[in-house]
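The opening position of the sequence shown corresponds to residue 1 in the working numbering, with each subsequent residue numbered one higher.
Since the hints were made in silico from the structure, they are not lab data. Even glycine gets a Cβ: it sits at the ideal position worked out from N, Cα and C. A couple of the hints might just be wrong.
[Claimed, not checked] Computed beta-carbon distance windows for the label pairs:
1) S64 <-> P233: 40 to 50 angstroms
2) D68 <-> V246: 14 to 24 angstroms
3) S88 <-> G249: 15 to 25 angstroms
4) S268 <-> G78: 47 to 57 angstroms
5) R44 <-> E250: 17 to 27 angstroms
6) K194 <-> G249: 36 to 46 angstroms
[Stated by the list, open to error] Think about it this way: if two alpha-carbon atoms lie no more than 27 angstroms apart in a straight line, the pair counts; the simulated DSSO-like pairs of lysine-lysine are:
7) K172 <-> K194
8) K72 <-> K94
9) K194 <-> K253
10) K172 <-> K236
11) K209 <-> K253
12) K236 <-> K253
13) K172 <-> K102
14) K94 <-> K253
15) K194 <-> K72
16) K72 <-> K102
17) K172 <-> K253
18) K94 <-> K172
19) K209 <-> K172
20) K194 <-> K209
21) K209 <-> K236
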Amino acid sequence: MNTSARFRAALFAAAAAGMVLAAGPAGGASAGTVPGAAPAAALRLAAWPSPTGQQAVGATINVSGTLDGGMKRYYGTGALGSGSQSESQPPIFKLADGAVLKNVVIGAPAADGVHCMGTCTLQNVWWEDVGEDAATFKGTSSSQTMTIDGGGARAASDKVFQHNGPGTMYIKNFQVQNFGKLYRSCGNCSTQYKRNVVIQNVTATTPGKVLAGINTNYGDTARFSQITIVNDPSRKVVVCEKYRGVTSGEPTKIGSGADGVNCVYSSSAVTYR
């Protein structure tokens, strides 16, 4: 084989090897599903968007089916424009069971963000300045889910996602900056439930305090994978904080950290940079 032929053969072999690596494990299995394999690397998250326009909202927008905002900014005015931290203020969007809200930027004032009354999906939703909460899950059944896929939130002095009803919340492919807690299972709701949260491929940039707060006495679980914490050299951000929840008064903080039962994650699930 002459030099030119050998060079072409080498290029072909390198390209073939690259295609095999890109394809991943045979049979379509994800590397993250192989027992004992290292966790999959976090996916690159989208840049913060520039709104395509804006719309003032003076009364809650009720959503059933799908609302695609086309990356427009929605912000509160009138009754929704106080910018307060009141737990009882109305939301900008109220989603019926099965509703989807996507491609939306929520500006300030954000009132009480988004309320999900059952199973719902928030896809590529961005909060520029969180009001009381970015979104609250108010489901009524343990089989219901709230899925946050993509998007991000900034400037949440308290909570980003509040979970008041039963069911499971999924937070994935999301970024949060300058926050109190990314997720909180209600610590003192008058009716309490077992609640679950799954947090995957999330980047949290300090200042920030806690990724998830759960009530272990009600059997809550929080599962984490592909977590990146930015600008936290002292490791002060708590990944999973445990409380003893109550139906009145204030919950008691009782610990933090992985335990394999309520707070479920491995040390390799969290990366610092």
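Hint by hint, here is what the structure shows:
no. : hint                              : in the structure
1   : S64 <-> P233: 40 to 50 angstroms  : holds, 46 angstroms
2   : D68 <-> V246: 14 to 24 angstroms  : violated, 40 angstroms
3   : S88 <-> G249: 15 to 25 angstroms  : holds, 18 angstroms
4   : S268 <-> G78: 47 to 57 angstroms  : holds, 49 angstroms
5   : R44 <-> E250: 17 to 27 angstroms  : violated, 40 angstroms
6   : K194 <-> G249: 36 to 46 angstroms : violated, 20 angstroms
7   : K172 <-> K194                     : holds, 21 angstroms
8   : K72 <-> K94                       : holds, 17 angstroms
9   : K194 <-> K253                     : holds, 17 angstroms
10  : K172 <-> K236                     : holds, 22 angstroms
11  : K209 <-> K253                     : holds, 14 angstroms
12  : K236 <-> K253                     : holds, 16 angstroms
13  : K172 <-> K102                     : holds, 14 angstroms
14  : K94 <-> K253                      : violated, 31 angstroms
15  : K194 <-> K72                      : violated, 36 angstroms
16  : K72 <-> K102                      : holds, 10 angstroms
17  : K172 <-> K253                     : holds, 26 angstroms
18  : K94 <-> K172                      : holds, 21 angstroms
19  : K209 <-> K172                     : holds, 19 angstroms
20  : K194 <-> K209                     : holds, 23 angstroms
21  : K209 <-> K236                     : holds, 7 angstroms
Checked against the numbered hints given earlier, this structure breaks hints 2, 5, 6, 14, 15; the rest are met.
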